[in-house]
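**Q** Spelled out from the first residue to the last, the chains are:
2 protein chains.
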Amino acid sequence: MTGGRDEIEALIALMARLPGLGPRSARRAVLHLISKRTQLMGPLAEAMAGVARTARECARCGNISTAPICEICEDPKRATGEICVIEDVADLWAMERGHAFKGRYHVLGGTLSALDAIGPEDLRIPDLLERVAAEGISEVILALNATVEGQTTAHYIAEALEGRGVTVTSLAQGVPIGGELDYLDDGTIQAALRARKAF
Amino acid sequence: MTGGRDEIEALIALMARLPGLGPRSARRAVLHLISKRTQLMGPLAEAMAGVARTARECARCGNISTAPICEICEDPKRATGEICVIEDVADLWAMERGHAFKGRYHVLGGTLSALDAIGPEDLRIPDLLERVAAEGISEVILALNATVEGQTTAHYIAEALEGRGVTVTSLAQGVPIGGELDYLDDGTIQAALRARKAF
Ligand SMILES: [Zn+2]
Ligand SMILES: [Zn+2]
Numbered sequence: 001m002t003g004g005r006d007e008i009e010a011l012i013a014l015m016a017r018l019p020g021l022g023p024r025s026a027r028r029a030v031l032h033l034i035s036k037r038t039q040l041m042g043p044l045a046e047a048m049a050g051v052a053r054t055a056r057e058c059a060r061c062g063n064i065s066t067a068p069i070c071e072i073c074e075d076p077k078r079a080t081g082e083i084c085v086i087e088d089v090a091d092l093w094a095m096e097r098g099h100a101f102k103g104r105y106h107v108l109g110g111t112l113s114a115l116d117a118i119g120p121e122d123l124r125i126p127d128l129l130e131r132v133a134a135e136g137i138s139e140v141i142l143a144l145n146a147t148v149e150g151q152t153t154a155h156y157i158a159e160a161l162e163g164r165g166v167t168v169t170s171l172a173q174g175v176p177i178g179g180e181l182d183y184l185d186d187g188t189i190q191a192a193l194r195a196r197k198a199f
Numbered sequence: 001m002t003g004g005r006d007e008i009e010a011l012i013a014l015m016a017r018l019p020g021l022g023p024r025s026a027r028r029a030v031l032h033l034i035s036k037r038t039q040l041m042g043p044l045a046e047a048m049a050g051v052a053r054t055a056r057e058c059a060r061c062g063n064i065s066t067a068p069i070c071e072i073c074e075d076p077k078r079a080t081g082e083i084c085v086i087e088d089v090a091d092l093w094a095m096e097r098g099h100a101f102k103g104r105y106h107v108l109g110g111t112l113s114a115l116d117a118i119g120p121e122d123l124r125i126p127d128l129l130e131r132v133a134a135e136g137i138s139e140v141i142l143a144l145n146a147t148v149e150g151q152t153t154a155h156y157i158a159e160a161l162e163g164r165g166v167t168v169t170s171l172a173q174g175v176p177i178g179g180e181l182d183y184l185d186d187g188t189i190q191a192a193l194r195a196r197k198a199f
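So the protein sequences, as listed, match chains A and B. Residues in the first sequence are numbered consecutively from 1, following full-length UniProt numbering. Residues in the second sequence are numbered consecutively from 1, following full-length UniProt numbering.
These are calculated hints, taken from the structure and not from any lab test. Accuracy of the hints is not assured; some may be wrong.
Which copy is meant is left open, so a pair is good if it fits within one copy or across any two.
[What the hints assert, rightly or not] Result set (DSBU-like, lysine-lysine): computed pairs, CA atoms no more than 35 Å apart in a straight line:
hint, residue 1, residue 2
1, Lys102, Lys77
2, Lys102, Lys36
3, Lys77, Lys36
Just chain A, same shape as in the assembly (with noise of 0.2 Å):
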């Protein structure tokens, strides 16, 4: 026997790791690329190295970059008055998918949960707080799940922030109870923004 199935089947365990893929289609998912390895499974591999070499958390506002400090951070053309409360990246890209707010990020890294003693400290809380003085915020937009989770986290954020002088909304109309931002359609997730509500 040589080793080369052992290879194979490392992979796949490795594939079956992500999430939605389970041991069967990690399987597949192997075969095709096997079968499509110069095309496919090359690039893949070599995307997949750089990314891992590269990628970190902005030190700011915890958005996905290659660099210290992340390209929305460091766009001049974004509004500075204004950050955007999200959970994790997934949410942050979701709203730029919407392409209707201007301002700045903060993600939280998830929301406070008791149950998961997930304190403030756990999340980027302390962060946003320095944030909202240092950088002169005007508004904080709470851009959380309609969870219970997500809104005792936006509860929690915006007791933190009375009398700080910041003026906190949050999305409104349009997210559905119990909805989780990543799964709204671009349109919804602009009609929310444009009649965001003083929380």
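Go by the hints and put chain B with the ligands onto chain A.
**A** Here is chain B with the ligands on its own, set in the frame of chain A:
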């Protein structure tokens, strides 16, 4: 703007070409990979590059391997007189998971299809006929999917092998109508192999 987001977008676009992953699940997978770049993304990129470099089709049976002749064809403990004919490598893996077949394989690489203009020469059917003669094969087990195309292909091969002194059998009991091998549990495959009947 730095090129960082572009690299990540390029990776997402490549991931979205995997079977079972759309643009949305590709984004989720890439974010997951980035969040686990040391434990998962780096090793996965490396494993993929390794397999892309070394994987090839066995020159004898069409199985995927890293050697010119695969480990099953080279294994002296496998019975030499029996060939099991399957449509693709996923089906070969499904047969191997059943641990019931101890002979060798022949991967057709698809099925005959008038609609898609796939004839015997587009599959490994001529190679199969050569192997039957050259390797002194006594039994050819047709383990093709129970689909119209699979059964058309089975009939074609059975006819082509007529008068060549070889017994042609097919998987029988346990393969559901319209079912595909790769979806069956191991026990069903074992039962179907044990109850194989003359074709
Ligand atoms: Zn940033
Ligand atoms: Zn082989």
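**Q** Can you give me the call for lysine 77 and lysine 36, within, between, both or neither, at a CA distance of at most 35 Å?
**A** Cα proximity of lysine 77 and lysine 36: across copies only (32 Å, versus 41 Å in one copy).
**Q** Quick one: lysine 102 to lysine 77, C-alpha cut-off 35 Å, is that within a copy, between copies, both, or neither?
**A** So lysine 102 and lysine 77 pass the 35 Å test inside one copy only (8 Å; across, 67 Å).
**Q** With identical chains treated as interchangeable, where does the CA-CA distance between lysine 102 and lysine 36 reach 35 Å or less: within a copy, between copies, both, or neither?
**A** between (40 Å within a copy, 30 Å between copies)
The structure is consistent with each of the numbered hints, conforming to all of them.
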